[in-house]
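> Protein chains in written order, with this note's numbering: chain X, 1 to 243; chain Z, 1001 to 1243.
Honestly, the hints are just simulated from the structure, not real lab data. Even for Gly, the Cβ is constructed at its ideal location relative to N, Cα and C. Be aware that a few hints might be false.
Unchecked claim - Stretch-level coverage of chain Z by chain X, calculated; a stretch enters the list once three of its residues show a Cβ under 8 Å from a Cβ in chain X:
| no. | stretch |
| --- | --- |
| 1 | 1008-1016 |
| 2 | 1127-1133 |
| 3 | 1174-1188 |
Protein chains: 2
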Amino acid sequence: MLERIDLAMLPAEAEAMPSEAYIVVDVLRATTTIATLFAGGMTSLIAAGRLELARHLAAAEGRLLMGEVGGLPPAGFDFGNSPVEAAAAPVAGRGGVLFTTNGTAALCLLAGRGAVFAGAAANATALAAYVAGHFRSATIVCAGNAAGARFSLEDFAAGGLLAGALSEAAPGAALGDAAALARHTPDLADLIGLSDHAAIVRGLGLAHDIDFASRLDTSAAVPMVVACGDGWARIEAVMTSAG
Amino acid sequence: MLERIDLAMLPAEAEAMPSEAYIVVDVLRATTTIATLFAGGMTSLIAAGRLELARHLAAAEGRLLMGEVGGLPPAGFDFGNSPVEAAAAPVAGRGGVLFTTNGTAALCLLAGRGAVFAGAAANATALAAYVAGHFRSATIVCAGNAAGARFSLEDFAAGGLLAGALSEAAPGAALGDAAALARHTPDLADLIGLSDHAAIVRGLGLAHDIDFASRLDTSAAVPMVVACGDGWARIEAVMTSAG
Chain X
1 MLERIDLAML PAEAEAMPSE AYIVVDVLRA TTTIATLFAG GMTSLIAAGR LELARHLAAA
61 EGRLLMGEVG GLPPAGFDFG NSPVEAAAAP VAGRGGVLFT TNGTAALCLL AGRGAVFAGA
121 AANATALAAY VAGHFRSATI VCAGNAAGAR FSLEDFAAGG LLAGALSEAA PGAALGDAAA
181 LARHTPDLAD LIGLSDHAAI VRGLGLAHDI DFASRLDTSA AVPMVVACGD GWARIEAVMT
241 SAG
Chain Z
1001 MLERIDLAML PAEAEAMPSE AYIVVDVLRA TTTIATLFAG GMTSLIAAGR LELARHLAAA
1061 EGRLLMGEVG GLPPAGFDFG NSPVEAAAAP VAGRGGVLFT TNGTAALCLL AGRGAVFAGA
1121 AANATALAAY VAGHFRSATI VCAGNAAGAR FSLEDFAAGG LLAGALSEAA PGAALGDAAA
1181 LARHTPDLAD LIGLSDHAAI VRGLGLAHDI DFASRLDTSA AVPMVVACGD GWARIEAVMT
1241 SAG
């Protein structure tokens, strides 16, 4: 049963935080999209940090190719990085490759130190229930901006929703400083849309993705990293619901 | 006039945040004590990160020697690292040396990138008025725990009080993500006493220092780093009030 809940403001901070489980949050939009793809029945997803690697892996394994450069899918991509698009895409029974630099780096950074999950507001309750039932300590990791060098309000806000879900699932768990701050912060879901990065996403005409990423529990998926390599992380769902 | 207010969750984050001014916050207890010493009329203070260096500098220059190891002043020290003690100590017209590892490292990290100040709840309004009047951009830097590797709630909370004071002094200034979060956070002064580090300080029998560090505007001092070297930072007050 979960005894301790921490939150890392930046990926580098998590390296100083030993934990049985890490929940990586890149809510605008990688981990929201990942939670959504598995809710839609995707069987396996490779997050790839380099564009050519993403293309290569998709072609070699017959996977759907997803991702964006500057807000648009590059040539040859099947879909973008939009959770709204992912929710409608025919992904059931398919494998996928998602091109995301920041998300991939954060997912791989902690591999080998503990179990690593992809978390968002979208799958907060389902992921929290699984983690609270299987690990004694969990650290929520904000992926951040600028390749993880800068704090991002949206990841902290979604991380706070996850901390709340973990606390509800494990009411006796102790909270570290940043997790306590997140629990103390009002209007977490609204903060996702008030972040600097949300303004950029909105400027790309993708406001609907911000609304989607701010909604709790649209997915019952528990996406876990099962393997990592140079520039990629392979993710499978521990438990999924097709809902 | 100040146009932008940012907050760095950890010292390392501030290295990615170009700014004309940096306000280092190590509220339990180094920067609270520094603000208090200058309010009492201290003429110059050297923050030293190593114990023997602190002893050497104090002896060589006839300075008062202050600091603690495990909550007590080491042999030969005149005072501890307590702001309550500093408020009553006869420091007017004297120079001092303060032994503080975390505080010294954070003060020196950003030297050369911009003006560096020591900030706390204790001198929030005075420091904010000076910074808002002299610089176009300011970044509040949380010194953190574990040699700056870990987020500390108390420095974020005091940093939030400083962000509020800066916003009042420069109402048109834009807020970065973390500064916006700090402005959004209720009950900032109370959070200082709810941090993990406050529990340690309280365990040393120093609860009165936490109460002191949580009080706004007990000092009108604006302590600025005027020189840095290997393991030390020399600080002088830009404007002081003997009050």
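> Are the hints correct? Go through all of them and say.
How the hints compare with the structure:
Chain X is given as covering the stretch 1008-1016 of chain Z, and this holds because 6 residues of the stretch bring a CB closer than 8 Å to a CB of that chain, at least three being needed. For the stretch 1127-1133 of chain Z, the proposed coverage by chain X is not satisfied: 0 residues have a C-beta within less than 8 Å of a C-beta in that chain, short of the threshold of three. Here the stretch 1174-1188 of chain Z counts 9 residues with a CB under 8 Å from a CB of chain X, which clears the bar of 3, and the coverage holds.
Hint 2 from the list above is the single one not met by this structure.
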